[in-house]
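Novice: What follows is each chain in one-letter form.
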Amino acid sequence: MKTDQLISPSKDKEGHPISRDLRTGVYVCHCGKNIGGTIRCEEVAEWARSLPGVILAKDSMYMCSEPGQEQIKADIQEHNLTRVVVASCSPRLHEPTFRAACESAGLNPYLLEMANIREHCSWVHLHDKDAATEKAKDLVGMAVHRAALLEPQHELTVPVIRKAMVIGGGVAGIQAALDLADAGYKVYLVEKTGSIGGRMAQLDKTFPTMDCSICILAPKMSEAGRHPNIELLTLSEVKEVHGHIGNFKVKVLKKARYVTKECSACGDCIQACPQLVPDEFNEGLSFRHAIYIPFAQAVPSTFLVDMNLCLNNQGIVACDRCFQACSHRCIDFSEKDQVLEVDVGTIVVATGVDVYDPTALTELGYGRFPNVITTLEFERLINAGGPSAGELIRPSDRQRPRKVAFIQCIGSRSKRSNPYCSNVCCMNTIKDSLLIKEHWPDTEIYVFYLDIRAFGKGFEDLFQRARREGVTFIRGIPGEIIEDINTGDLTLLGENTLLGTRYRYTMDAVILSVGIMQRKDSGLLQRLLNLSADTDGFYMEAHPKLKPVDTTTGGVFLAGAAEGPKDIKDSVTQASAAASRANILMSKGEVKVPAITARIDPDKCTACGMCARVCPYHAIEGNKDQGYYRVIEAACQGCGACVPECNFGAVDQTHFTDEQIVSQIDSLLAHDPHRKILAFACNWCSYAGADFAGVSRIQYPPNVRIIRTMCSARVSHHWLERALMLGVGGVLVSGCHPGDCHYNNANKHTERRAEKFWKRMEKVGINENRLRLAWVSAAEGSRFARVVEEMEKGLRKLTAKQIRDEAEKLKQYLSRKGDTA
Amino acid sequence: MIGMKLWQHFSREALYECYQCARCTGSCPAMEVSPAIGPRETILKCLNHDHEDVVKDERLWLCCTCHVCEDRCPQKIPISELLVALRNHAVRRGNVPDRLIMAIELLAKTGRSMIVHQLDDMRAYHGLGPLPPVPVDEVRDILKATGLDEVVEF
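For the protein sequence lines, the chains are W and A, in the order given. Take the first sequence: its position 36, counting from 1, is numbered 36 in this note's numbering, and each next residue is one higher. To get this note's numbering, take the position in the second sequence, counting from 1, and add 821.
The hints are simulated quantities; they were obtained by calculation from the structure and are not laboratory data. All residues carry an ideal CB built from backbone N, CA and C; glycine is no exception. Some clues are possibly wrong.
Covered stretches of chain A (chain W as the covering partner; in silico rule of three or more C-beta atoms under 8 angstroms from a C-beta of chain W) [stated by the list, open to error]:
{"hint": "1", "stretch": "841-852"}
{"hint": "2", "stretch": "857-868"}
{"hint": "3", "stretch": "895-907"}
Partial pick of chain W residues on the chain A-facing surface, computed with a CB cut under 7 angstroms [stated by the list, open to error]:
{"hint": "4", "residue": "Glu-480"}
{"hint": "5", "residue": "Ile-482"}
{"hint": "6", "residue": "Gly-494"}
Next up, chain A with everything else stripped away, as it sits in the complex (with noise of 0.2 angstroms):
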């Protein structure tokens, strides 16, 4: 069962406590410019209704996990406990944006997540010396040991 997976990872206990008051929809960043599902929502669904909606659901991925829900909740619920969990569940059923899959790509090759065009000329500029070189290799043993190899192809 793909549900039991999930409360391995994350105590569902912790759930119940929520009264879906919506302080933490109100203190969402990700909600004010984006359609992100609040907190507030996803506590429900998993709680309640299938979890699976929100596994399958791209807009998982626009919570910047800045913790504020988490801070503000009366009854100190995990929240971004929770959104690492659903996450990890979503990488495993395919859910994953394609750039996000791009930037873990060009960090298994590059040993960087992000390409910046004429970085050293702009170190440079700021009396910097170019970066050192990534030791890729070692880089990929680690993606490797926390398992991203399992779901992300690099």
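Excised from the complex, chain W in its bound form (with noise of 0.2 angstroms):
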């Protein structure tokens, strides 16, 4: 590695004087094999040494390692350096490591820029090396002209609130509930239905340990009900979050319950209703009236009226048996919805799953033969308190049966259901097998698999027993379930893949073991949030490794299954883990808000208030009688949306200054600028969308050049104009799916501003096609790697005189523009 450095000269390449107090240091990283397999790193660093304003470079091998930080900061002493650029991985990655290393050598964290040559480059061309060195070149190129223009910024902490909000009653939402509510915190657990429990509690045993579910659950349950700090909200749902990490103001519809608190659960009530409908905690297997409770241990202990049901429903008395049979008179019907605004500083998501709904699948016969039953159906059946009161029975003729199967991968492992594993059916088609041996030692079970998966603590050890007691694992799924109409029994027809041969077994039932899922209702949720889902559907953590609980928003955590398929154990270790995370933001009181907000220029502002209309956040305010607007900077969130509106030049963003990224593009397109793509990426989605193409090593081609903004939204027309003049082969604008963008929308002004400028384009005479817009979410590397792909395929068609002809074209239309305005 060389060390040696170059003292720059004192004017740059087109003989302006660099500024004196401009000494930038440029260090590029091997990353071991990831960068320096594929660039020639000390190629770049050579290279970096001609850059204005740069005064030493060097290359090393690991920067993020304590010597390489340990060498920024001497250097910054040293040398007394004004600037570092830092060519290794993401920022998303490193940034913090670099800021703080800037930060405590006495450099304004601020002044430190990065290139990404490892999840931008070196990954994703792994077999041309030219082109990665040659691409890593531009964007340290990019970055060195980027940080001579960065200024010193001063982050403003902001308090954060010291209550906090958990969303699903599931056994995970009741663990961090109780771990904030201990640590001293208000907590609000926000529950959908009639009671909290969630899936726990309509199991009957959980594996290994083979514990009664509702017997280690119900403690929990009351001691959640009965905490001082933590106020239940049941029968509650999320309609309206608002504000940032520290500071939501989130609106909470709770529904009535038309039964007061006062309420014994006597149940009297039940028997006076007229009304019934299949139970949806006994999973439809029994009835329940209008007026009930979810199950015996439902916490709060209070029945309610499911007024769709109840024959009130029209807004008008037309019976009330249950309130005459009630001798505690807690029946209510003039009871009304009520909206909760509640403020807290942090939010954790625990909404649970779904379970799969095998119709679909006709071969199996689910829903068309009354013996073929799903695994959830199952635990309601065996359970002492559901509605065979624990005795196994087949549905067709409520007579015990002989021979059992289950069926495992059920909706899960399947480009027809979910493509993912469900996780937990292995294991729970092993418990159930065991319970049926235990309570009937005579049946017969076969369990047919795909693979068993029995990976956890003492997993193995109960797979082993199971085998042991007597249940049979078949190698190989049945394809077809044939019912014999006059006994109800099944015939499965199938293939034993160990032996090779096909078999045809006659049961008396059949168990599927379902897969789990993404509630239906989860985009909602997402949205509210501005959380991402990863493609299986389930909401995506902030890293996978080192993240596991935190979200791309901040404050807002997951725990349980709503993250991914998970068991007992592990949703709960994530719910002290995400209550955690929240009691380190609110224990501390206060949070630093990164100093990227937007800024107005008064003297420039002609109060047109066109930068407020486009606001996600109402913080920018002000009217024409005070002549100028102004940002509320503790509101603001820093995403740009509102500089490209601005039509006088008024509006900057602190950090993504419009002559910041000016100067990126201008670098960019110094050579060959007809050969390239320059690509805008939104920080949250696509940015990290082509972080995780470098990830997963997918391959795209090496002539596309990411500008990182906040938002896709902070994409000024201004920016489009000038690639377009300096002859770039073609631009990408690339933001989060609509819907999912992370500032409450602002990317639907991406899309407005896009179609005007490809109207433009039309006008002008300008191939349209060199302007693409597309959505690409953070989990979309491959769809990032495509855009890029088809771009390039686009711009092979076009001749380097084309692109000439047609920036020459645009050059003459905007000095038109310009001499007539």
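From these two lone chains plus the hints, build me the complex, please.
Specialist: Have a look at this one:
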């Protein structure tokens, strides 16, 4: 490694004098072979020395290591560096590391700039070393030019409200609420149904210890119910969320229960009620009345009226039988839904999962053959509190089945349903088979499986135990189930793949081991909280390894199966982790907000108010009389949507100034512009998506260069014009999918502006395909790669002359427009 | 390489998704009544072993291309397409059942794949006129256009 340095010339290539206080240090990281295996880092560092303002450039094996950071600190002090450029991995990973290093050496952390030559370069162009090295030089050049224009910033601190909200009252939600409440914070526990308890309350036993599920859950439920710091909001749904980390304003719709707290759950009202409907808690295997309690151990232990079913649902009292039957007089039909507004500092999302409905797999006959049931239905059947009082019966004739089959992977690991492994079904089936063996040892049990995944603590033991107890495991999923219409018996056709022979088993009952999936209505909360979802539909964590309970929205954490399929133990573990993460924020009591807010120059402002109209946070105030508008810094989230809206150049965004971005564009397009694709990617979705393409090593054409903005709505038409005039091959503007925008749908302005720009391109005579708008989420690395590939294909059809001509046309058009203006 | 040719007609990529669940075997009506090679075994042999085993095996022709396996395949593997590719390959390697060759010869000679005795009498009984003559030359041209004459003499 070379550490020699070059003192910069006093003038740049165009002969402009370089300000004397610009002393940039460039560090090119090899990242072991991750970068160094593809990019010639020494060559990049050598080249960087020729850039204006660069007084030293070094390459190093691991910049993020202690010696790497020490190097930066020592150089800042020894060489009086005023800017630091680190070319390494994604700033989403190590920007905080290098910022801290700069700060500890006395350099303002905002004077650091990173060039992403790993995720966006070496990992995605593994087989083209020359192109990757050229691209790395471009990225470093862009970073150096932007760095020169960076300004020191000071971050604002905002107070964190010391109250939390937990959404979802399953075992994960209960655990998170209890942890936070025990730590001394006020907690609002929001549950959609009439009782907390969730999926765990429906289960009979838990694996691998065979504990009684409700016996270990009920004490936690009642603890949550009576905890002085927990306010239980059942029959409640989150309707609106405003604000940001530390200061959320949440509107909760609390539906009327029609039964007051004085209810002693005596149950006199039930018999009086004439209305019946299948019971959701028992998976439709029994009936409940319109007035009911979800289950015996429900918390709160209060009845409720299902107003959709009640005869009084038209707003008039047509039936008062329950009211007459209630000796405590605690039924109140005049109760109304309420909207509560609560302020909280942190939110834990623990909304849980739905169970896969196997009706669509017609060959299995679920829904047509009464003796084909799901594992959740089985849990209710074998539970002492269930519809058959714990007797295992088959639905067709209510007789005890002597031969029972379990079929695995129903609704999991399939392109026809959910592509992922549901994580809990193998062990659940093993547990269920042991439960049957425990009560009725003479039952023959067959488990038809594909792979048995017994990976957790104590799981393999349980699997072995099931085999010893005589459960037969057969590898090969039945292709078809045939019902004998006279007896209700079921014949399974399939192949034992280990023997290579076909089988035909006749069973008394078949239990489908169904998978779990994201809640059907998960999209609603996703939009309210600006969460991302992975390709399987589950809420996405901020980092799969190192921030597994954080979300990309500050102050919002994930617990339980809403983040991905998991069993009770993992849900509880994650819930405590989420509570702990929320606790850190609240016990600190304040949080720093990045200095990336918008700012308005009052001298240039004409008080037209256009910026205030597009602000998603109402963070710009002012009026004509005042003569100018101003940004409320604490409310501004730093999307930058307001900047391109200003026709007078009065608005700019701190740390993402027009000047800084333009310097990146100019640097990038200094050589061979017609061969390059300029991509603007928003920090939250598309930049992360491009990072994900890198992590997944998805290869795409090397001529794309990415510039990061916080939101795609920051992209200004001035930038597009500038890039086209400089003869760029193509421009990509990419952001979050509509509805997923991290700035309250600010990206609708991106779309509007792109459409306007396409019209202008058409008018001027520029090939409209050269500007592309694409929505790429943080999970869609392959989509990002595909978009780039398609653009590259389109670009190959254009000649350098065509691009030059179109640039000329735009120049003339703009100068004409400038004359008339 | 013969192996290379097969993968030109069928993308091997699709087979990697097979995890041998054998739902296809349980769905196969041909296996119910004959010693046909099951779809699962066919895929496994083509993917991890020598697919020549399958190409040489006369049982390849027992599949009735009913598409049920494909319909129920959780990984949406185009099994019928694989079968067609394998059969095309088998024909070129000389693995064609005699009965099939007879049918092809008949088709080329008469324009019909099957001779039904007293067909016209039966049609007359049901009030139908005799079948129109088949443009045999046209049928032969079509057969040639598909390249069938390269593998079966007619």
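Novice: Going by Cβ atoms only, is Ile-482(W) closer than 7 angstroms to chain A?
Specialist: violated, 11 angstroms
Novice: Does the CB of Glu-480(W) sit less than 7 angstroms away from some CB of chain A?
Specialist: With Cβ-Cβ at 5 angstroms, under 7 angstroms, it holds.
Novice: Next item in the hint list is Gly-494(W). Is there a CB on chain A closer than 7 angstroms to its CB?
Specialist: Holds - the Cβ of Gly-494(W) comes within 7 angstroms of chain A, reaching about 3 angstroms at its closest.
Novice: Counting residues of the stretch 841-852 of chain A with a beta carbon closer than 8 angstroms to any beta carbon of chain W, are there 3 or more?
Specialist: holds (count 10)
Novice: With a C-beta cutoff of 8 angstroms, work out whether three or more residues of the stretch 857-868 of chain A approach chain W closely enough for the coverage to hold.
Specialist: holds (count 3)
Novice: Holds or violated: the stretch 895-907 of chain A covered by chain W, criterion of 3 or more residues with Cβ-Cβ distance under 8 angstroms?
Specialist: n = 3 at 8 angstroms, threshold three: holds.
Hint 5 alone, counting from the list given before, is not met by this structure.
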